[in-house]
Amino acid sequence: MRKLITLIALFSLATFSLTARDFLLKSPDGSIELIFSDSGSLSWSVNRNGATILEPSVIDININSLNKQAGESFREVKYSVINDIITATVPTKYRWIQDCCNQMTVDYGDGLSLIFRAYDNGVAYRFYLRYSDGFEVTSETSEWKLPAGSKAYWANEKNPDYITHAEAFFKERVIEEIGYDTYCYLPVSIKTPDGLRLVITESDLVDYPNMMLRAGEGSTLKAEFPHIIDEYEMRTDRDVTVTKLADCIARCEGVRYCPWRILCIGDDRELLENTLAWQLGGDETYGDWSWLKPGKISWEWWSAINVFGVDFKAGVNTDTYKYFIDFAAQYGLEYILLDEGWSASTLNIVEAQPDLNLQELIDYGKSKGVGVVLWTLWTPMMKDLEHILDVYAEWGVSGIKIDFMQMQDQNMVRFYERVASECAKRHLLVDYHGAYKPAGLHRRYPNAMTFEGVHGMEHDKDSADISPDHDMVLPFTRMVAGPMDYTPGAVNNATKDDYNPLWYHPMSQGTRSHQVALFVAYESPLMMLCDTPSKYYQAPEYVEYLAKIPTVWEQTVAQEAEAGEYLLISRKTSDGRWYSAGLTNWSGRELTLDTTFLGEGQWEAKIHRDGVNADTWAEDYKIETVTITAGDELPVIMAKGGGWVAEFIKK
Numbered sequence: 001m002r003k004l005i006t007l008i009a010l011f012s013l014a015t016f017s018l019t020a021r022d023f024l025l026k027s028p029d030g031s032i033e034l035i036f037s038d039s040g041s042l043s044w045s046v047n048r049n050g051a052t053i054l055e056p057s058v059i060d061i062n063i064n065s066l067n068k069q070a071g072e073s074f075r076e077v078k079y080s081v082i083n084d085i086i087t088a089t090v091p092t093k094y095r096w097i098q099d100c101c102n103q104m105t106v107d108y109g110d111g112l113s114l115i116f117r118a119y120d121n122g123v124a125y126r127f128y129l130r131y132s133d134g135f136e137v138t139s140e141t142s143e144w145k146l147p148a149g150s151k152a153y154w155a156n157e158k159n160p161d162y163i164t165h166a167e168a169f170f171k172e173r174v175i176e177e178i179g180y181d182t183y184c185y186l187p188v189s190i191k192t193p194d195g196l197r198l199v200i201t202e203s204d205l206v207d208y209p210n211m212m213l214r215a216g217e218g219s220t221l222k223a224e225f226p227h228i229i230d231e232y233e234m235r236t237d238r239d240v241t242v243t244k245l246a247d248c249i250a251r252c253e254g255v256r257y258c259p260w261r262i263l264c265i266g267d268d269r270e271l272l273e274n275t276l277a278w279q280l281g282g283d284e285t286y287g288d289w290s291w292l293k294p295g296k297i298s299w300e301w302w303s304a305i306n307v308f309g310v311d312f313k314a315g316v317n318t319d320t321y322k323y324f325i326d327f328a329a330q331y332g333l334e335y336i337l338l339d340e341g342w343s344a345s346t347l348n349i350v351e352a353q354p355d356l357n358l359q360e361l362i363d364y365g366k367s368k369g370v371g372v373v374l375w376t377l378w379t380p381m382m383k384d385l386e387h388i389l390d391v392y393a394e395w396g397v398s399g400i401k402i403d404f405m406q407m408q409d410q411n412m413v414r415f416y417e418r419v420a421s422e423c424a425k426r427h428l429l430v431d432y433h434g435a436y437k438p439a440g441l442h443r444r445y446p447n448a449m450t451f452e453g454v455h456g457m458e459h460d461k462d463s464a465d466i467s468p469d470h471d472m473v474l475p476f477t478r479m480v481a482g483p484m485d486y487t488p489g490a491v492n493n494a495t496k497d498d499y500n501p502l503w504y505h506p507m508s509q510g511t512r513s514h515q516v517a518l519f520v521a522y523e524s525p526l527m528m529l530c531d532t533p534s535k536y537y538q539a540p541e542y543v544e545y546l547a548k549i550p551t552v553w554e555q556t557v558a559q560e561a562e563a564g565e566y567l568l569i570s571r572k573t574s575d576g577r578w579y580s581a582g583l584t585n586w587s588g589r590e591l592t593l594d595t596t597f598l599g600e601g602q603w604e605a606k607i608h609r610d611g612v613n614a615d616t617w618a619e620d621y622k623i624e625t626v627t628i629t630a631g632d633e634l635p636v637i638m639a640k641g642g643g644w645v646a647e648f649i650k651k
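In case it helps, our numbering puts the sequence shown at residues 1 to 651.
Since the hints were derived computationally from the structure, they do not count as laboratory data. No residue lacks a Cβ here, since even glycine has one placed at the ideal position from N, Cα and C. It is possible that some hints are incorrect.
[As the list claims (entries may be wrong)] In silico PhoX-like cross-links for lysine-lysine, where the CA-CA straight-line distance does not exceed 25 angstroms:
1. Lys425 <-> Lys293
2. Lys383 <-> Lys244
3. Lys93 <-> Lys650
[Said to hold, decoys possible] Have a look at the derived ranges for each label pair, beta carbon to beta carbon:
4. Thr241 <-> Asn613: 49 to 55 angstroms
5. Arg418 <-> Ala547: 31 to 37 angstroms
6. Glu351 <-> Pro540: 33 to 39 angstroms
7. Glu624 <-> Glu351: 46 to 52 angstroms
8. Arg235 <-> Lys425: 28 to 34 angstroms
9. Ala547 <-> Asp288: 24 to 30 angstroms
10. Asp230 <-> Asp497: 50 to 56 angstroms
11. Ala148 <-> Tyr537: 38 to 44 angstroms
12. Thr596 <-> Arg235: 55 to 61 angstroms
13. Glu386 <-> Asp283: 23 to 29 angstroms
14. Ser39 <-> Val174: 27 to 33 angstroms
15. Asp230 <-> His505: 35 to 41 angstroms
16. Pro160 <-> Gln103: 49 to 55 angstroms
Using the sequences and the accompanying hints, generate a full structural model.
Here it is in structure tokens:
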């Protein structure tokens, strides 16, 4: 008979007891306290600076198919201090990250353990399961009882099988008013009545389903996990109808860790520097990543392959894509992307359209120092991944943009890992689109360069959602999880009154300088330039400025921030330059940049800022160069929907 196993954990700093008791674990600086209560089930609460930010909340895991009763064989509790320096192969915030925390591990003789960590900027826990036989996880409980009156940026998802592109529009809602009819994918960003910013997310997501959150009673959020999709039918070349679900969320073999459940803690400014999701992502695989090259990529889909002023017919053909390669080579962009439409069909992705000589194009790109990245649909890749990647590697392709996965269950998580691993073997980078958020994969496999999972600028073609207001939410929500493929770089820029979503001639909302600032403020080691080369050629100052901005950063310093309103952030490049960026919503704003972060000496600042008429003509901007001394203050004046960027070079 298969018995249900429910984990019951006991915690103590000095002694152990089977009676109810509270136990304490503190962060290294003492500001954060974890209180564990054993009263027949495990609950935890969190305080920061003496104030409760997470009320007692139940955590549990149920495992079927084992003839053991968890909690009857408590063995020991271990305490440790972790203080390491982690080097990022592809650094999105920092090249070197100090991983400093206090850790508690509670072991059971029946093969179950719990691991808790307390950092100065957050807390995390995970289950550790040690069995020699296969088993099933039937459910996991993860409650988050937040202070009454807390607000959450919420994506109103409703699909009962958790089929989603994770591209919903975030709306800030009082948790008590959300109701039970919608759920939200991670990360979920919360503001307490005291103004503290909390973000719930997960990391080291391996061979396990994604965690979702649904509002419960009061201000409680409760985790939900997709059951394994055992069978589905294809409705289209990319969309599925689920026909059979398993009665478990994960099927496991032997020893395994479950994902980290993370609570990032701080104010809005501190959140921009938080790297817990990356730190807890798991150890890097393989050894030699010297072949891997982050960079910028010229993209044709957003502009509908509209090129002009040329002597060939624009479209999916060799001449058009050579034109993109020439543009990329001229401005030092590392890649071009051939999006959906390049292949013989969406399911036959090893043959090109008849007017496209793909091998000639790839060879031409190599001669110019420009790599070619190919769009692929997930369905043929799922069926024949190794063969397709072998073909791409033989052609000399640089990477893939895999799209429309949508599912969130254990099988799909396995597929993400398989794609990253097989691509790494063939020295291919990966851009995950139609995808869930990053959850550690980009640390384990640095070739997993970037992820969509965001309501991005592709929707400028059909929606008014992609506004400066929206832009000021994402750094405090989606971007906390990791790299975000938002695809900025529009040449046509519009005020709120002038904006019109056009499929074939798209424009962005906000100013030209707002677009530039997105390249510094947003994190993606593979950063798209969304517009057509023909328009960039008409705006040489703009594209020259964009082309110099790197996509990886040695250091990040957030100066000011308020979610939904504005931010001011600075980042250091590998060659010693610094970039600072200001972004605002539809409100004009004046800030002050303290340049103490520059250290010492004189610096030349090349500033890209809103023009004096940018409030009414969004494409109005000015580039100016000034000399400053480190520690000087610079005015950051932004129009409605505006932006501000400075490149600092030491003299």
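Legend entry - Enumerated hints in conflict with the structure, sorted upward: 11, 15, 16
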